[in-house]
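Asker: Letter by letter, the chains look like this.
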Amino acid sequence: MNKDQKADKLVSMREAIAAHVGDGCSLAIEGFTGFISMAAGHEIIRQKRRDLTLIRMTPDLIYDQMIAAGLAKKLIFSYMGNPGVGSLYCIRRAVEKSIPCPLELEEYSHYGLVGRYVAGASRAPFFPLRSYVGSDMLAANALIKLIDDPYGTGKIAVVPPLNPDVAILHAQRADRQGNTQLWGLLGMQKEVAFAAKHVIIVVEEIVDEAVIRADPNRTLIPGLIVDAVVHEPYGAHPSYVQGYYDRDNETYLAWDKLSQDHGAVLAWLDEWVYGLENHSAYVRKLGQSYFDRLKPEPLLAPSVDYGRYR
Amino acid sequence: MSEVTYTDSEMMIAVAARMLKGARTVFVGVGLPNVACNLARYTVAPDLELIYESGVYGARPERLPLSIGDPTLVSGATSVISMTDLFGLYLQRGLVEIALLGGAQIDRYGNLNSTVIGDYANPKTRLPGSGGALEIATNAQRVFMIMRLKRRAFVDKLDFLTSPGHLTGGDSRARLGLPGGGPEIVITDKAVLNFDNPEREMQLNALYPSVTAEDIQAEVGWPLRLAKRIEEITAPTSEELHLIRDEVDPHAMYR
Numbered sequence: 001m002n003k004d005q006k007a008d009k010l011v012s013m014r015e016a017i018a019a020h021v022g023d024g025c026s027l028a029i030e031g032f033t034g035f036i037s038m039a040a041g042h043e044i045i046r047q048k049r050r051d052l053t054l055i056r057m058t059p060d061l062i063y064d065q066m067i068a069a070g071l072a073k074k075l076i077f078s079y080m081g082n083p084g085v086g087s088l089y090c091i092r093r094a095v096e097k098s099i100p101c102p103l104e105l106e107e108y109s110h111y112g113l114v115g116r117y118v119a120g121a122s123r124a125p126f127f128p129l130r131s132y133v134g135s136d137m138l139a140a141n142a143l144i145k146l147i148d149d150p151y152g153t154g155k156i157a158v159v160p161p162l163n164p165d166v167a168i169l170h171a172q173r174a175d176r177q178g179n180t181q182l183w184g185l186l187g188m189q190k191e192v193a194f195a196a197k198h199v200i201i202v203v204e205e206i207v208d209e210a211v212i213r214a215d216p217n218r219t220l221i222p223g224l225i226v227d228a229v230v231h232e233p234y235g236a237h238p239s240y241v242q243g244y245y246d247r248d249n250e251t252y253l254a255w256d257k258l259s260q261d262h263g264a265v266l267a268w269l270d271e272w273v274y275g276l277e278n279h280s281a282y283v284r285k286l287g288q289s290y291f292d293r294l295k296p297e298p299l300l301a302p303s304v305d306y307g308r309y310r
Numbered sequence: 001m002s003e004v005t006y007t008d009s010e011m012m013i014a015v016a017a018r019m020l021k022g023a024r025t026v027f028v029g030v031g032l033p034n035v036a037c038n039l040a041r042y043t044v045a046p047d048l049e050l051i052y053e054s055g056v057y058g059a060r061p062e063r064l065p066l067s068i069g070d071p072t073l074v075s076g077a078t079s080v081i082s083m084t085d086l087f088g089l090y091l092q093r094g095l096v097e098i099a100l101l102g103g104a105q106i107d108r109y110g111n112l113n114s115t116v117i118g119d120y121a122n123p124k125t126r127l128p129g130s131g132g133a134l135e136i137a138t139n140a141q142r143v144f145m146i147m148r149l150k151r152r153a154f155v156d157k158l159d160f161l162t163s164p165g166h167l168t169g170g171d172s173r174a175r176l177g178l179p180g181g182g183p184e185i186v187i188t189d190k191a192v193l194n195f196d197n198p199e200r201e202m203q204l205n206a207l208y209p210s211v212t213a214e215d216i217q218a219e220v221g222w223p224l225r226l227a228k229r230i231e232e233i234t235a236p237t238s239e240e241l242h243l244i245r246d247e248v249d250p251h252a253m254y255r
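Going line by line, the protein sequences match chains A and B. In this text, residue positions in the first sequence follow our numbering: the first is 1, and each later residue adds one. In this text, residue positions in the second sequence follow our numbering: the first is 1, and each later residue adds one.
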């Protein structure tokens with residue numbers, strides 16, 4: 001089911017979430033440390049989705065907030081920490097004390113979840129990897145299997161494909177058809193996009209198709225597999241977008257303290273999510289000068305010559 | 001020469017950096033390893049290429065990153081790649097010479113737990129989990145552990161084996177076909193331990209200034225073996241301390 005390549009897919013975040021993220025669906029908001037669509041997570045909380053299966057290698061603050069809001073029944077992940085800081089306390093409360101509700105875990109190491117996305121992206125039956133031999137993770141997750149290597153004498157671990165119902169991926173820029181360019185930590189953005197059944201792209205800038213065509217090597221995701229494009233400047237804050245704004249480490253450090261109390265988290269959600277109509281209101285509430293502090297000095301890459309052949 | 005004061009963390013950083021002498025590639029984790037690897041580039045391993053699991057080869061960070069996915073790791077790096085490529089083409093391919101790892105618990109064979117304290121299904125404390133640690137422990141040519149010496153961390157039996165060390169000891173690791181060489185040393189805040197015996201069992205190898213073997217045993221949850229000869233490790237030099245404090249970690253994020 002190819003998407004219409006030429007259609008104008010630009011919609012608001014509210015429309016994109018309403019159209020593609022339903023109760024009970026499996027959802028991957030990916031992005032490794034950077035490019036995490038906090039704006040999408042907040043809109044899903046505002047629209048009060050239920051019983052979601054959340055998928056991310058590193059659940060990060062956004063899934064901590066979504067799980068505190070009680071909208072998830074299951075988490076598929078490979079590293080459940082506040083990166084560089086410590087614990088994700090909301091997820092720990094759900095796992096250890098069922099607050100606000102129980103949370104089923106499906107756990108991998110990074111390469112295991114990478115492998116699931118890769119198999120899902122190419123619709124392969126499984127992905128083989130040299131991990132898990134000797135680890136208790138094999139017993140903790142029945143989907144990780146050791147099989148006989150058909151070409152050798154040893155055992156090899158395999159993981160099955162993962163095809164999220166929806167992937168939401170942030171990037172620097174896209175055209176209105178969803179052709180998406182990203183530079184910086186690529187994470188698993190490309191593989192997750194190809195693995196998912198529906199794709200929402202969120203970008204800092206909407207550009208003309210000519211901008212995309214001028215640098216085709218930088219196009220990570222083609223509009224062919226994209227359902228919706230959302231223009232959401234600063235939509236990854238407090239994570240970052242390479243060249244546009246820095247990671248807001250102070251917010252990650254502050255969350256470490258605030259999130260230790262469920263009541264404080266609910267008050268935070270009231271003020272910063274439920275109490276705001278959209279992400280533009282969040283940006284206005286923080287103020288432009290707040291984001292100006294996060295703007296890096298420029299460090300331009302020289303352009304390259306693709307050559308013109310005719 | 002006047003007496004120089006330093007913290008436990010600075011000692012661990014200095015010792016870890018010395019151990020990287022001559023190394024070409026190192027897989028860098030967050031926290032102390034981050035500081036140690038960046039220090040080593042100034043001192044004993046100028047050609048050291050830093051590899052981060054976030055998908056960076058040859059990072060040249062201009063500031064000390066809080067997380068391993070910091071944007072400073074991208075700017076000026078040799079190559080920035082997907083995590084599929086990082087874990088497949090670099091790590092599982094065998095290009096990582098040394099990796100630095102830690103965990104909540106370690107046992108006598110250098111197996112690590114970073115998953116749960118208590119029962120897996122009903123944990124007392126839910127820890128972050130593997131991240132890339134399992135595949136780093138599996139595939140890196142050599143693994144150096146960095147952990148503070150505490151009885152609740154150096155345990156007789158792990159609550160959960162996340163990342164394989166020497167498994168049940170001896171050649172058990174090689175028999176199961178794990179590609180990397182497994183743990184070689186454990187750098188702590190009081191001593192350095194290694195696995196240089198046929199059983200591949202952790203043993204006390206070197207003491208920091210004014211620490212005794214009894215101090216070490218008191219923090220280890222099993223009868224600790226001693227190497228034939230116990231070395232003494234010298235305190236951080238004023239040059240090492242200057243580099244740590246003024247160049248590598250000027251904002252004291254990890255000290």
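There's no promise every hint is true.
Stated by the list, open to error - Under the rule of at most 27 angstroms between Cα atoms (straight-line distance), these lysine-lysine pairs were calculated in the DSSO-like manner:
hint, chain 1, residue 1, chain 2, residue 2
1, A, K6, A, K74
2, A, K6, A, K73
3, B, K124, A, K257
4, A, K145, B, K228
5, B, K124, A, K74
6, A, K48, A, K295
7, A, K48, A, K6
8, B, K124, A, K97
9, A, K285, A, K295
10, A, K197, A, K73
11, B, K21, A, K257
12, B, K21, A, K73
13, B, K157, A, K97
14, A, K97, A, K257
15, A, K155, A, K3
16, A, K155, A, K145
17, A, K48, A, K73
18, A, K48, A, K285
19, A, K74, A, K97
20, B, K124, B, K157
21, A, K155, B, K157
22, A, K48, A, K74
23, B, K228, B, K157
24, B, K21, B, K124
As the list claims (entries may be wrong) - Which residues of chain A face chain B? A few of them, derived with a C-beta cut under 10 angstroms, are:
hint, residue
25, G70
26, V95
27, G115
28, S131
29, K155
30, Y252
31, S280
32, V283
33, G287
34, Q288
35, S289
36, F291
Worth flagging that the hints you see were computed from the coordinates, not collected in a lab. Each residue gets a CB set at the ideal place from its N, CA and C atoms; glycine is no exception.
Asker: Are the hints correct? Go through all of them and say.
Answerer: Hint check:
Pair hint K6 of chain A plus K74 of chain A does not hold up; C-alpha atoms about 36 angstroms apart against a cutoff of 27 angstroms. At roughly 37 angstroms between alpha-carbon atoms, K6 of chain A and K73 of chain A are farther apart than 27 angstroms, so this suggested pair is violated. Under the criterion of a C-alpha separation no larger than 27 angstroms, the hint pairing K124 of chain B with K257 of chain A is consistent with the structure, at around 20 angstroms. Our distance criterion of 27 angstroms between C-alpha atoms is broken by K145 of chain A and K228 of chain B, whose separation comes to about 42 angstroms.
For the suggested pair K124 of chain B and K74 of chain A, the alpha carbons sit about 19 angstroms apart, so the restraint of at most 27 angstroms is met. Simply put, K48 of chain A and K295 of chain A have alpha-carbon atoms about 33 angstroms apart, too far for the 27 angstroms limit, and the pair is violated. Between K48 of chain A and K6 of chain A the alpha-carbon distance is near 32 angstroms, which puts this suggested pair outside the 27 angstroms criterion. A distance of roughly 10 angstroms separates the Cα atoms of K124 of chain B and K97 of chain A; the hinted pair therefore holds under the 27 angstroms criterion.
The straight-line distance between the Cα atoms of K285 of chain A and K295 of chain A is roughly 18 angstroms, inside the 27 angstroms bound, and the hint therefore holds. Annotation: proposed proximity of K197 of chain A to K73 of chain A holds, straight-line Cα distance about 20 angstroms (limit 27 angstroms). Only pairs whose Cα atoms come within 27 angstroms are accepted, and K21 of chain B paired with K257 of chain A is rejected, the gap being roughly 39 angstroms. Between K21 of chain B and K73 of chain A the alpha-carbon distance is near 49 angstroms, which puts this suggested pair outside the 27 angstroms criterion.
Straight-line distance between C-alpha atoms of K157 of chain B and K97 of chain A comes to about 25 angstroms, which keeps the hinted pair within the 27 angstroms bound. In summary, the hint linking K97 of chain A to K257 of chain A is supported, as the alpha carbons are separated by about 19 angstroms, within the 27 angstroms threshold. At most 27 angstroms may separate the alpha-carbon atoms for a hinted pair to count; K155 of chain A and K3 of chain A exceed this at roughly 40 angstroms. For a cut-off of 27 angstroms, the pair hint linking K155 of chain A to K145 of chain A stands: about 10 angstroms separates their Cα positions.
Note on K48 of chain A and K73 of chain A: the hinted pairing holds, with a Cα-Cα distance of about 14 angstroms set against a maximum of 27 angstroms. A distance of roughly 22 angstroms separates the Cα atoms of K48 of chain A and K285 of chain A; the hinted pair therefore holds under the 27 angstroms criterion. Between the alpha carbons of K74 of chain A and K97 of chain A the distance comes to roughly 15 angstroms, so the proposed pair stays at or under 27 angstroms and holds. Restraint check for K124 of chain B and K157 of chain B: the C-alpha separation of about 16 angstroms stays at or below 27 angstroms, so the hint holds.
Proposed proximity of K155 of chain A and K157 of chain B is supported: the alpha carbons are some 26 angstroms apart, at most 27 angstroms. This hinted pair checks out: K48 of chain A and K74 of chain A have alpha carbons roughly 16 angstroms apart, not beyond 27 angstroms. Between K228 of chain B and K157 of chain B, the direct Cα distance comes to roughly 26 angstroms. Compliance with the 27 angstroms bound is thereby established for this hinted pair. Distance hint between K21 of chain B and K124 of chain B is unfulfilled; the C-alpha atoms sit about 40 angstroms from each other, more than 27 angstroms.
The restraint placing G70 of chain A at the interface with chain B is violated, with a minimum CB-CB distance near 18 angstroms, outside the 10 angstroms limit. With 10 angstroms as the threshold, the beta carbon of V95 of chain A comes within range of chain B, its nearest partner Cβ sitting at about 5 angstroms, so the hint holds. For G115 of chain A, the suggested interface contact is upheld, since its CB lies about 8 angstroms from the closest CB of chain B, less than 10 angstroms. Taking 10 angstroms as the C-beta cut-off, the interface hint given for S131 of chain A holds, the closest approach to chain B being about 5 angstroms.
At its closest, the beta carbon of K155 of chain A sits 7 angstroms from a beta carbon of chain B; the interface hint therefore holds under the 10 angstroms criterion. A distance limit of 10 angstroms between C-beta atoms decides the matter here; for Y252 of chain A the minimum to chain B is near 7 angstroms, and the interface restraint holds. Given hint, S280 of chain A at the interface with chain B, is violated; its Cβ is 24 angstroms from that chain's nearest Cβ, farther than 10 angstroms. A distance limit of 10 angstroms between C-beta atoms decides the matter here; for V283 of chain A the minimum to chain B is near 20 angstroms, and the interface restraint is violated.
Interface hint at G287 of chain A: violated, since its Cβ lies 22 angstroms from the closest Cβ of chain B, which is beyond the 10 angstroms cut-off. The interface hint given for Q288 of chain A is broken, as the beta carbon of that residue sits about 21 angstroms from the closest beta carbon of chain B, more than 10 angstroms. At about 21 angstroms, the closest approach between the beta carbon of S289 of chain A and any beta carbon in chain B exceeds 10 angstroms, and the interface hint on this residue is violated. Taken as an interface hint, F291 of chain A does not check out: its beta carbon lies about 15 angstroms from the nearest beta carbon of chain B, beyond 10 angstroms.
Violated hints for the displayed structure, listed by number in ascending order: 1, 2, 4, 6, 7, 11, 12, 15, 24, 25, 31, 32, 33, 34, 35, 36.
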